[in-house]
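S.K.: Please construct the entire structure, taking both the sequences and the accompanying hints into account.
4 protein chains.
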Amino acid sequence: MSALTLADARRLIAAAEARANEIGQPENIAVVDHGGNLLAQVRMDGAWIGSIDISVNKAWTARAFDIATKDLAGNAQPGQPFFGIHTTNGGRVVIFAGGIPLLRDGKVIGGIGVSGGDDNQDQTVAEAGAAAL
Amino acid sequence: MSALTLADARRLIAAAEARANEIGQPENIAVVDHGGNLLAQVRMDGAWIGSIDISVNKAWTARAFDIATKDLAGNAQPGQPFFGIHTTNGGRVVIFAGGIPLLRDGKVIGGIGVSGGDDNQDQTVAEAGAAAL
Amino acid sequence: MSALTLADARRLIAAAEARANEIGQPENIAVVDHGGNLLAQVRMDGAWIGSIDISVNKAWTARAFDIATKDLAGNAQPGQPFFGIHTTNGGRVVIFAGGIPLLRDGKVIGGIGVSGGDDNQDQTVAEAGAAAL
Amino acid sequence: MSALTLADARRLIAAAEARANEIGQPENIAVVDHGGNLLAQVRMDGAWIGSIDISVNKAWTARAFDIATKDLAGNAQPGQPFFGIHTTNGGRVVIFAGGIPLLRDGKVIGGIGVSGGDDNQDQTVAEAGAAAL
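Chains as they are written, first to last, in my numbering: chain E, 1 to 133; chain Y, 1 to 133; chain U, 1 to 133; chain C, 1 to 133.
If a hint is listed, it holds; no wrong ones were tucked in.
To give an idea of the interface, some chain C residues facing chain U are shown, with a C-beta separation under 8 angstroms as derived from the structure:
1) 66
2) 78
3) 83
4) 88
5) 89
6) 93
Don't read these hints as lab results, they were simulated from the structure.
Remember, it's a predicted structure, so these values are computed and weren't measured experimentally.
For glycine and all other residues, C-beta sits at the position ideal for the given N, C-alpha and C.
M.R.: Here it is in structure tokens:
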């Protein structure tokens, strides 16, 4: 398995930024590697400062459970099997859209997280980033 | 963009206190600057000590997401797009009424947070403070 | 024992600010009550943002151990009886000058904490505040 | 005062990376804005994962106290005026070389933090980054 590089992370972030500019929504964008550790993060001018942490943790969550945070969301609602998971891991688990696992040859090798817009905006920007892998 | 000063923060706090006295509800009142960093905080005599932290974090939340915490509340309920946001950022995100972003010339330059009463009380006191900007 | 009021805290902060202006050093100034809980905090324009937390925790430390943080410092050095105390209490214990217990009728009723300058500056500003009790 | 932009942060990071490559030491590099909030972070391929956090916190420390972390180090040794400061602010204060405040027109507008090598390596890489402002 070839590991994610900083060059990979930058390519993904550039693609995500392009999409964010396209939809006119400044975003925080983060990429983590196979170990869930941060490779690169950017805050676009005007993006929320509260979303710095969320972007990093969406990327981490996507890798930590090898699942899109959007999909985890459904299982984490009250009454669902994983309700409460957002307070595990010292609060690093984010349960709303914008985090996507990164796959190469069918294996998860990292994650991308986007935060700064509404759920649909974060999701489309994260998808644009992931597609650049 | 001219930064918030301590004199600004005190003027807002005085206006908020006046409103708190008017409705007979002791409150904690905090003001943060553009970077989300605390400028001033007061606890009115008789106000809850559990609300010290909440007032500071409401002010921070309002600035961190450039939104009234009252409005964030709707999006943060179970089943809504931002459910779970209250456990991000190390627990600093508050999702009930009483935090308001502070705008000058159409730009967010800080936030005010009020905690100590019920949601309507905290909100009206925060609004009175914000109006003094 | 009559409790510290917000009016007391403001009088102390005003006296501390006057001294800070006199020596030309912007400071963070905080006052806590008998329970160690924050009554009021201000950050003078231009004061370090890293000192917000330290001012509050100096005030807390002074009340928590009924001792000036300057005096605690000596006992908290390597090889001394309380070495390591600065990492207890979740990191709230500050072991350098600028925190002073507040006494009324010989009883500790709170604490004042000042941070933003060097040790002598913080100490003289805290003393000016405490003297206004 | 004109705020740091993401473009600024990237220019500084590129200059720091160039210097890191020159000395053959992979580094983590982070830039924070005036409020101490992260603008961008990169981990060069092969750099320590334990240094992700340290790079961000060096940048924060340099801004929070408007001082190079290298200079803070001297004052933070046992027996010195600020011994213990490294455990304040929730452990965000870093007291060794590699963090430098960023100045424009004589005012601190942010900070850069570098972690991954020894103290001299981190310092020279941070200086190269800061010089690109």
